[in-house]
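Protein chains in written order, with the UniProt record's numbering: chain A, 1 to 387; chain B, 1 to 387.
Note that these hints are calculated values from the structure, not bench results.
Check before you lean on any hint, since a few could be wrong.
The list treats identical chains as interchangeable, and a pair is accepted whether it falls inside one copy or across any two copies.
Claimed, not checked - Result set (DMTMM-like, lysine to aspartate or glutamate): computed pairs, CA atoms no more than 20 Å apart in a straight line:
1) Lys373 x Asp284
2) Lys374 x Glu364
3) Lys293 x Glu264
4) Lys288 x Asp158
5) Lys170 x Glu110
6) Lys373 x Glu265
7) Lys293 x Glu265
8) Lys293 x Glu262
9) Lys288 x Glu264
10) Lys170 x Asp216
11) Lys47 x Asp59
12) Lys60 x Glu40
13) Lys136 x Asp295
14) Lys288 x Asp216
There are 2 protein chains.
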Amino acid sequence: MSIVKVGIIGIGNMGSSHVQLLDRGQIEGAKLTAICSRNEGRIQWVKNNTQGDVQVYQDKETFFNESGIDAVIIATPHYSHPELAKEAFRKGIHVLIEKPAGVYTKNVLEMNDAAQASGRVFGIMYNQRANPLYQKLRDLIHSGELGELKRTNWIVTDIYRSQSYYDSSKWRATWKGEGGGVILNQALHHLDIWQWATGLMPKRVNAVSSFGKYHDIEVEDEVTAYVEYENKATGVFITSTGEAPGTNRFEVVGDLGKIVVENEELTFYRLKQSEREFNRLYKDGFGKPEYQKIDIPVKSENANHANIIQNWIDSIMTGSPLLAPGGEGVKALEISNAIYLSSWLNQTVELPVDPDYYYEKLQEKISTSTFEKKHVTNNTLDVKGTH
Amino acid sequence: MSIVKVGIIGIGNMGSSHVQLLDRGQIEGAKLTAICSRNEGRIQWVKNNTQGDVQVYQDKETFFNESGIDAVIIATPHYSHPELAKEAFRKGIHVLIEKPAGVYTKNVLEMNDAAQASGRVFGIMYNQRANPLYQKLRDLIHSGELGELKRTNWIVTDIYRSQSYYDSSKWRATWKGEGGGVILNQALHHLDIWQWATGLMPKRVNAVSSFGKYHDIEVEDEVTAYVEYENKATGVFITSTGEAPGTNRFEVVGDLGKIVVENEELTFYRLKQSEREFNRLYKDGFGKPEYQKIDIPVKSENANHANIIQNWIDSIMTGSPLLAPGGEGVKALEISNAIYLSSWLNQTVELPVDPDYYYEKLQEKISTSTFEKKHVTNNTLDVKGTH
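Okay, chain A solo, but in the shape it has when bound (with noise of 0.2 Å):
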């Protein structure tokens, strides 16, 4: 193959902004030949604003029939994720979704199944595993320098949005149309990283969300999380949509220090003795061990969707290994579950969440729902300096 024919279902906020990077000829080896939407709109839009020759489908079918595409990138609402990925790997298309997986692991997990019996190159659109700071806080947990983990907090605010946000679409913040608020969309990117950078994965989980706190919707714009870890250690995850300006300030403790991630830098406060060390040995009450700072250099470029992009055609091209393999995809969703699930049930759940049974609470929430949307203005927006 020499050059990817590459497929964009859904023009919405992300895909239009796909559509405009592989147009402009941003990702090497690959080339925009196809859309799929049922929008007017947007099938207009992408007309007016591309300049290669982009074959328009309304209809899934055809699209992935007849498109004639090696490679799709689904960027549809949350829900559709899995079916149509399922779809375009029965058809051999390599998959690149936009996160979330999907909105519960049921099916997430069949959508798992089939890329592995396809053999095709699945991909997730988990652009912050390219951001080098959480790439140098991975490798430095994953070396054995800050030793073994103790805590980790992280405090994810500064992803405000405004009411208008939410009115921008209909599906957008309801249980049916999204199945989530902030926990499965704004801050997905951070439980995934929460989870690559540190290599743990919560046991267990105790949540409070607040539903349509600062937001006039039914899904939740605020929550603290609680986990604790297999190894015992403990962690928190705060965020919210309802903060200007926000946090976002990553700790992570272990036995031989403290790293910090905030304001784009990296700081390492690492002991010249282990804690436990220190603990058993020193013998004069108020002492603690000693400790240097140290700030971390790390390339300040911004992570964007367009490193995913290239290392997953990179990846189809030569075989080369993904950044952000679409199979990963699920533990994030996990661990959002396991908030939704605890918040709703106001007690701590444990982790994995039984995927039936998530989804009949989901389908409860949607069934009993009563919420209606009082202003949809039907916006696309601009996604550039989003995750």
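Go by the hints and put chain B onto chain A.
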């Protein structure tokens, strides 16, 4: 009264420090005239380390009845504070108690009644209230500059203690002797500032405590507490004596921005427009309210115990207001008691906790304890630089 004759009861870590302050004339208008201790070694230490004419008592009855003191600093182990304070008030003696006010609210509330009935000046050693950083934080919040509060977050892990600290005396870190661990002792100052600076007492607490996680002790050395306030704001308080180097970062978010106190600095992120108003009026999806980052210089002098003792003496002499009225000691203790109860019951508890119920639960902890301290060194530790 030209000079206040002060007695000190309890010559452990803190009491010894207060003996030196007073004996060296560092408190204006006060004179150390008597001490009370049952420990021969500590009595000898007082004799060797004081210049003034300090009477020594081994028996508290005689100390209160015959020493002729006007005022007493109570620096005995926590459990005894309320009883000793009540005894002092009965004799018409002014009282400054070390924190915590007591171990459970039942007898602390009785102490508060006794204080009020006596008309004496009753202070508590919440010396962090004298810290200019927290005073400035409180001013900004109480003057309305931060707007209605939305969220608080305090990570207090810079109070490291090694095993040797816990081994320094038999009563430390036992249910029977101390009645609690980090949340009753080291982090109690922070619990007080948490409510004092924000003006908000939690209504509900959901906490997880780890007992003897990093040390050979039976009480907790790590706590994560989630709280909800009357106005629907939420908060998280995290503390541990098992991390190095620790964090001390207090974030308070309001409708008009955010204040962060960390590294002895106060930073105010001030919005030009209230977030609630921006949310209503803004129409373009991804925008955020504009803000200014304001570094507020604060005199960084260390808030020390002398400030509180001087303030108490001044109040005795002139009737000037107390920075830390003894009656307010119950507030941090109510939060602390609620954190224990929530941790023991593994459920959310409402504040204030029923004093009788908490007392019962604590007695259960004491009576079912099987913990034995292995290595007691009986050291008196130098508290310089601690809280």
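Here's how the hints hold up against the structure:
1. Lys373 x Asp284: between (64 Å within a copy, 17 Å between copies)
2. Lys374 x Glu364: Neither way: lysine 374 and glutamate 364 sit 22 Å apart in one copy and 55 Å across, limit 20 Å.
3. Lys293 x Glu264: Answer is both: 17 Å inside a copy and 16 Å across each meet the 20 Å cutoff.
4. Lys288 x Asp158: Answer is between; shortest inter-copy Cα gap is 10 Å, intra-copy 34 Å.
5. Lys170 x Glu110: This pair counts as neither: shortest intra-copy Cα distance 28 Å, inter-copy 59 Å.
6. Lys373 x Glu265: Classified as neither: same-chain Cα gap 40 Å, cross-chain 44 Å, threshold 20 Å.
7. Lys293 x Glu265: The answer is both: 13 Å in one copy and 18 Å across copies each meet 20 Å.
8. Lys293 x Glu262: both (15 Å within a copy, 15 Å between copies)
9. Lys288 x Glu264: Close across copies (19 Å), not inside one copy (29 Å); limit 20 Å.
10. Lys170 x Asp216: Intra 13 Å, inter 56 Å, cutoff 20 Å: intra-copy only.
11. Lys47 x Asp59: Within one copy only: 17 Å inside a chain, 94 Å across chains, cut-off 20 Å.
12. Lys60 x Glu40: within (15 Å within a copy, 89 Å between copies)
13. Lys136 x Asp295: Within. Shortest intra-copy distance 12 Å satisfies the 20 Å Cα cut-off; inter-copy 30 Å does not.
14. Lys288 x Asp216: between (49 Å within a copy, 17 Å between copies)
The structure shown violates the earlier hints numbered 2, 5 and 6.
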